[in-house]
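*Asks:* Chain order of the listed sequences is A and B. Mapping the first sequence onto my numbering, position 122 (from 1) lands on 122, and the numbers just tick up by one. The number in my numbering is simply the position in the second sequence, starting from 1, with 1000 added.
Everything labelled a hint here was simulated from the structure, so no lab data went into it. Small disclaimer: the values here were computed from a predicted structure and weren't measured.
Dumping the calculated BS3-like pairs for lysine-lysine here, alpha-carbon to alpha-carbon at most 25 Å:
hint, chain 1, residue 1, chain 2, residue 2
1, B, Lys1009, B, Lys1098
2, B, Lys1012, B, Lys1038
3, B, Lys1009, A, Lys4
4, A, Lys4, B, Lys1098
5, A, Lys4, B, Lys1012
6, B, Lys1038, B, Lys1071
7, B, Lys1038, B, Lys1065
8, B, Lys1035, B, Lys1065
9, B, Lys1012, B, Lys1098
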Amino acid sequence: MSGKEAEQTLSVIRTLMERSTCYTNLSGHAGIAAGLLTLVGCGLRIWLRTPFLTTWMGVLITTVGAVIFFTARLAQANGEPLWTRQARTVVMALLPAFGAALLLTLVLFRVGQQALLPGLWMLLWGVGALAMSFFTPRVISMLGATFLAAGTLVLLAPPVHDALSMGLTFGAIHLAYGIVLTCARQATCAAHPALPL
Amino acid sequence: MLDVTPFEKLDKVIHERGRLAIMSLLAATDSLTFKELKEHLGMTDGNLSVHMRTLEEGGYVLVTKSFVNRKPRTEYSLTPDGRQAFQEYIQTLEEIVKQSQQAEAHFRPAGRERATLLPPSLVPAK
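Isolated chain A, as found in the complex (with noise of 0.2 Å):
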């Protein structure tokens, strides 16, 4: 084996030990849910005039249900179950931001900034999306960068209802998200592409 080979497997090693702590069970019935979900909180909002963070948690906690049972339902025919090591790692970073996000959410809600709260969540879930895309297929990252965009121009920006910012992001892009994941066949893991062996 001559040097070049030797370096050249190593770097092979070196990407197949980060190919392996890859989460790959991510569930387009899970993207689009949230989308729809998101959806009938723009819905009553408009239409019912619901309060406004009865709307949106309420959206939060039925999203994190169905993210939970279409991933179940995924690992489940996959045959593997729900809570694995890749899983935990990606929930993980995910929870810091997602904490930050409800701390956030009632502080400002106390002192009367709520119309603040539709950009903070974008950028919250941008920080945390691309947090988790060290541990998932490419798609992640390109969510998380989106909602970073999306958060600043909404904080930046003459504000707008909220059903309008969060129909048209957390709704609109959690659906095409859904729809182009349901799609593809296959997701693959964002820094590892297909390997010499």
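Since the structure of chain A is provided, determine the placement of chain B on it from the hints.
*Replies:* Coordinates of chain B only, in the frame set by chain A:
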């Protein structure tokens, strides 16, 4: 003169690209299922089974069988011997690279030192 010792030290069980790939995936994790290994490597069931048997017989891999939702689940993990053998294999490769770089240094003026190719956890302690 080139020292041939590192080449002789390469573990013959690991030094097959399919098995090396399996060992690399298992070294980065506690355990992986047969299905996960198959997806990562794009191997056929038969090919993967043969490699797993060779690694199991070599004492490098531990097999755990269980049922999840009444479906059989086979999990593989590295044994302490397997982990040790893998680390030694990595160290040998590093030695070969180092030797090669030293040999190259004779033919070119001082250049930049190459970055290590491995994760910090696998870089042998100096």
